[in-house]
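Novice: Single-letter residue listing:
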Amino acid sequence: MKRRLVGLAVIFMLMGGSHVYAMAVDAVTLQDPALEARARTIMQGLRCLVCQNQSIEISDAELAGDLRRIVRERVAAGDTDDQVRAHLVARYGDWVLMRPPFKLSTLALWAGPPALLALGGLGLWVGQRRRVRTAPPPLTEAEKAQLQEINTRN
Amino acid sequence: MRWQSFLPLIVVSFLAAVLFVGLELDPKIVPSALIDKPVPQFDLPPLPGKEPGLIAADLARGGISLVNVWASWCGPCRIEHPQLMEIAKIEGVRMIGLNYKDDPAKALAFLQQLGDPYESVGTDRTGRVAIEWGVYGVPETFLIDGHGRIVLKHVGPLRPEDIPEKILPAIQAASQ
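Keeping their order, the protein sequence lines are chains D and U.
So in my numbering, the last spot in the first sequence is 1197, and the numbers never skip.
So in my numbering, the last spot in the second sequence is 360, and the numbers never skip.
In case anyone wonders, no lab produced these hints; they're calculated from the structure.
Hints may contain errors.
[As the list claims (entries may be wrong)] Derived coverage of chain D by chain U (criterion: at least 3 residues anywhere in the stretch with Cβ under 8 Å from a Cβ of chain U; other residues may be distant):
id	stretch
1	1074-1080
2	1106-1116
3	1122-1136
[Said to hold, decoys possible] Simulated restraints, written as ranges between beta carbons of each label pair:
id	chain 1	residue 1	chain 2	residue 2	range
4	U	E303	D	P1076	47 to 53 Å
5	U	E270	D	T1084	21 to 27 Å
6	D	P1144	U	L207	33 to 39 Å
7	U	L191	D	P1156	41 to 47 Å
8	D	V1068	U	G259	39 to 45 Å
9	D	T1072	U	P192	32 to 38 Å
10	U	H331	D	L1160	28 to 34 Å
11	D	V1093	U	L207	47 to 53 Å
12	D	G1050	U	F190	20 to 26 Å
13	D	V1068	U	L191	51 to 57 Å
14	D	P1076	U	I263	43 to 49 Å
In this text, a Cβ means the ideal position worked out from N, Cα and C, and glycines have one as well.
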């Protein structure tokens, strides 16, 4: 059993280690590697509007390429990461962020799963308690004798 | 029967209602961030022979405008074109084209073949101005009120039923 667990752990480690990231290739990138790295990080957090579940960093869609160019422009112009993101959010809404911000309209999104989990846990706990409380009373002497009789008959 | 016996039924009905509503929603449609905002600043050259081009101020001169993002290479644009011709007949509505990443010669040929509903057309060769508008595909259509504010965005081709169901009511609301 223990050996199997270790084997599983090794498999998971290998899966994590061999993670290969896809990356879109652009003809024009930023000269300064530090700025380019910053731009790449920002791109990872921006959703491609055409493919929807890819970031613009890895998307091959034409629009994603256009948006990457804008991110690089803003970074080169000296914008902070937040300013670059705000620039695109102003045009495409929170939707363009891979990680939606926590606010009133996204309350159900963020708080829903933990709330459901808590509710389920509560239900389980209450059910368990009730089962213990309503455990049947022990057998009376008469019932025990009856049970004995049934058992010997068979 | 205690009320608790109905609990699973209540939970399942609630879930079914939520999921049923979800079925009707199109996840491909991204809500516009620009509703009730003024149109972005831009200055676009015309299609040759269809001067002048288009600037943001053209949309704030009073009166309602419909800005249609289109391209000759876009299949669904052909499908919605008859609807644009129809809307162009409505009095008091300026139909304006934003030609997206297109070859001007092909764009002109498209209009010659299918009819030209546009009062003016701006050509966005790089797609940069379209990004200012939050465009993420063609066709897309915006309704602009008399103050140059975006009041409605339609993503994808306009279907015939969209005119009475969506466009006309929005025009009516915007002209008040």
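Novice: It remains to establish, for every hint, whether it holds in the given structure.
Specialist: We went through each hint and held it up to the structure:
no.	hint	result
1	1074-1080	violated (count 0)
2	1106-1116	holds (count 4)
3	1122-1136	holds (count 5)
4	U:E303 <-> D:P1076: 47 to 53 Å	holds (49 Å)
5	U:E270 <-> D:T1084: 21 to 27 Å	violated (48 Å)
6	D:P1144 <-> U:L207: 33 to 39 Å	violated (27 Å)
7	U:L191 <-> D:P1156: 41 to 47 Å	violated (20 Å)
8	D:V1068 <-> U:G259: 39 to 45 Å	violated (28 Å)
9	D:T1072 <-> U:P192: 32 to 38 Å	violated (56 Å)
10	U:H331 <-> D:L1160: 28 to 34 Å	violated (48 Å)
11	D:V1093 <-> U:L207: 47 to 53 Å	violated (23 Å)
12	D:G1050 <-> U:F190: 20 to 26 Å	violated (47 Å)
13	D:V1068 <-> U:L191: 51 to 57 Å	holds (55 Å)
14	D:P1076 <-> U:I263: 43 to 49 Å	holds (47 Å)
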